[in-house]
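One line per chain: the protein sequences are Z and S, in this order.
139 is the number that numbering that gives the first Met the number 0 gives to position 140 of the first sequence; each next residue is one higher, with no gaps.
33 is the number that numbering that gives the first Met the number 0 gives to position 34 of the second sequence; each next residue is one higher, with no gaps.
Fair warning: there could be bad hints in the mix.
Stated by the list, open to error - DSS-like cross-link-like pairs, simulated, lysine-lysine; straight-line CA separation at most 25 Å:
1) Lys104/Z to Lys154/Z
2) Lys7/S to Lys157/Z
3) Lys10/S to Lys154/Z
4) Lys7/S to Lys22/Z
5) Lys518/Z to Lys10/S
6) Lys437/Z to Lys324/Z
7) Lys48/Z to Lys28/S
8) Lys265/Z to Lys44/Z
9) Lys323/Z to Lys154/Z
10) Lys157/Z to Lys260/Z
11) Lys7/S to Lys154/Z
12) Lys518/Z to Lys532/Z
13) Lys28/S to Lys104/Z
14) Lys297/Z to Lys22/Z
15) Lys10/S to Lys512/Z
16) Lys10/S to Lys513/Z
17) Lys28/S to Lys513/Z
18) Lys54/S to Lys104/Z
19) Lys56/Z to Lys28/S
Hints were generated in silico from the structure; no laboratory data involved.
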Amino acid sequence: MKIIEKNKKSVVLPTYPSNLPYKTRSVCPECKRALDAEVYAKKGKVYIKRECPEHGKWDELYWSSGDEFNRAKKYASNARGLTNTNVGLTNNTGTNCPYDCGLCKNHHSHTALANIALTNRCDLSCWYCFFYAKEGDPIYEPSVDQIRLMLRNLKAEKPVSCNAVQFTGGEPTLREDLFEIIQVAREEGYEHIQLNTTGMTIAFNPGYAQKLKDAGVATLYLSFDGISLQTNPKNHFEMALTIKECRKAHLGIVLVPTLIKGVNDKDMANIIDFALQNIDVIRGVDFQPVSFVGRMPKNQRDAQRITIPDVIELIEKQTKGAIKKKDFFTIPCVSSVTNFIEALTENVQYSLDNHFACGAATYVFIDRENNEVIPLPEFIDVDGLFSYLNEVRDRIKSGKNKKIESAKLLLKLKSFIDNSKKPKELKLAKLLFDALVKHDYSVLGEFHSNSLFIGMMHFMDPYNYDQQRVERCDIHYAMPDGRIIPFCAFNVVPELYRDKVQNQYSLSWDEYKKQHPGKDPMQKYKRDSASLKADPAYDEVYKGKKYFK
Amino acid sequence: MRIWYDTKYGKAPYKEVLRVTFSFEGINKEDIAYRQYLLLLNDEIIQAHMEFATKEGIALFTPDTNPEQVLRKEKINYQIIDKERIPYEEVLEANNMFIEPR
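This is chain Z alone, in the form it adopts within the complex (with noise of 0.2 Å):
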């Protein structure tokens, strides 16, 4: 068989557009049709903008605060392209984007976290999810050997391959053969894989956290939308035994609440409060605002959208000024860090280069003493370090002595942080010293142990869609007929990809029942709330308010 030739050489634009405002395309929300866009500044706050022929003016809400975007643009980097692409037989240029996916070559970014969709079958039917199968729907159900495909198609990514793959759904724990396939990402490489589920598997089958922890589970990507039965009706109750389970287990929770305003945009500092109360197995929250899905009118979508300078700007209301605003960075910041450490060891690295105004997110720790919150910022200077990393990458590039340079950091390193507010446990000039020098990521454990990521990611829907967003996506879609697809184009246009391609790999209702006797594929949860109520772990995790009182 012929073997197809593959493009050698990304030709991605490196750079970002201009300040506000700027021009971009995006899609008309009502026909899809692809549209010359703006991205701009209206009254302090930041406005994306297009006209379809048909359907007529669109102008939505991208960011509530023109300042935090300015501020998040600083921090944007330009990624590194891939030198491979994904577009298969057709040839696709990119030009019709974003109906031109797998990754082409206006592609900016790698996969930096890979999901890979197990089934459509979920116990839950969660009224706002759009992504489980209904009665008499087509069952998408992957083959082992097809996802282990998948997973070696995203390690073959140039110049740098995936190496963090979240298992998703439907619920990824109705499979029976969850553990073989998680041996599967193993066996391809992975080192970090991590699972998007509700929990209820892990709730109800006690030894179950442990069985995932020892094949490989990292990290368990809970849904958790507040800590009242009212804002987080789906697992309220369940949660407390999932964390006692993963609790048992050593298995780290992310939490992610979906923020919808008006709903349970009041929740936010007790879902962060929660979580420093279970930090021993809680890693993380990641915010996600919500996503319209399906024809919504303005006035609803305005009543309901929440933007990332809102999440920020409510942390700092809830929290009382513990976490604030400048507390937190967008997401590619980290980028002086990864370009500081690929000038050093000349090797291409994993990197975080997606779009500035898709997530942004800082650390937290706990001062035990006085039982206060300390986010990161307080006692590291991070722009100051930023700027000297970039200083010394430069003057590496340029030819001068990376030993001596590594030296000069060192003793350079204690001066970006206050050791007055810094947690007292926490031996911060070593710890970056080995990460960044000696490339010892081991001690990123110790430091991820004692502090609480908080973050978020603003998932696009046609109303705000910036095709901008899409080109530096790295969080994608692997599909079972080979191609990567970002995550925004994969549920923003789900009839070309989601859709399309899971129903020509599903079997039919009947089908799948036939090939699996005995087994309900709509077996939903039913609660027994009394008895979850009684049960000592519901006291034990929900406790009240501690630091934001």
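Start from chain Z and add chain S according to the hints.
Relative to chain Z, chain S alone:
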């Protein structure tokens, strides 16, 4: 009952597909992505790309499809340049970045 076909790249829903190369006219640059989108909405089309610069497109159709019918339905002023049956395995091979078979 769905038939699955064994390939070097795992089980596949098709044994063969139709690869159709066509030229087109009467579509302006602003509309090309949208026309490609509309084309791809057809279940009979697995993958497609229409290139404005060359005024040519390639579409992969499910094996029992009449491509003319689909293109006509989309009101594309087209001319088929080439039509061949190819193993679906070639599609999988082209989509996958690794080239070593299992």
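We went through each hint and held it up to the structure:
Among the hinted pairs, Lys104/Z with Lys154/Z is consistent with the structure: their alpha-carbon atoms are about 18 Å apart, no more than 25 Å. At most 25 Å may separate the alpha-carbon atoms for a hinted pair to count; Lys7/S and Lys157/Z meet this at roughly 22 Å. For the suggested pair Lys10/S and Lys154/Z, the alpha carbons sit about 20 Å apart, so the restraint of at most 25 Å is met. In summary, the hint linking Lys7/S to Lys22/Z is not supported, as the alpha carbons are separated by about 44 Å, beyond the 25 Å threshold.
Distance check on the hinted pair: Lys518/Z and Lys10/S sit about 23 Å apart at the alpha-carbon level, within 25 Å; holds. Between the alpha carbons of Lys437/Z and Lys324/Z the distance comes to roughly 32 Å, so the proposed pair goes past 25 Å and is violated. This hinted pair checks out: Lys48/Z and Lys28/S have alpha carbons roughly 20 Å apart, not beyond 25 Å. Restraint check for Lys265/Z and Lys44/Z: satisfied, since their Cα atoms lie roughly 22 Å apart, inside the 25 Å limit.
In summary, the hint linking Lys323/Z to Lys154/Z is not supported, as the alpha carbons are separated by about 38 Å, beyond the 25 Å threshold. Only pairs whose Cα atoms come within 25 Å are accepted, and Lys157/Z paired with Lys260/Z is rejected, the gap being roughly 40 Å. Only pairs whose Cα atoms come within 25 Å are accepted, and Lys7/S paired with Lys154/Z is accepted, the gap being roughly 18 Å. Our distance criterion of 25 Å between C-alpha atoms is broken by Lys518/Z and Lys532/Z, whose separation comes to about 30 Å.
The straight-line distance between the Cα atoms of Lys28/S and Lys104/Z is roughly 20 Å, inside the 25 Å bound, and the hint therefore holds. At most 25 Å may separate the alpha-carbon atoms for a hinted pair to count; Lys297/Z and Lys22/Z meet this at roughly 23 Å. The straight-line distance between the Cα atoms of Lys10/S and Lys512/Z is roughly 19 Å, inside the 25 Å bound, and the hint therefore holds. For the proposed pair Lys10/S and Lys513/Z, the alpha carbon gap of about 19 Å is at most 25 Å, so the pair holds.
Among the hinted pairs, Lys28/S with Lys513/Z is inconsistent with the structure: their alpha-carbon atoms are about 49 Å apart, more than 25 Å. Of the supplied pair hints, the one linking Lys54/S and Lys104/Z holds, its CA atoms being roughly 20 Å apart against a limit of 25 Å. A hinted pair counts as satisfied when its Cα atoms are at most 25 Å apart, and Lys56/Z with Lys28/S qualifies at roughly 20 Å.
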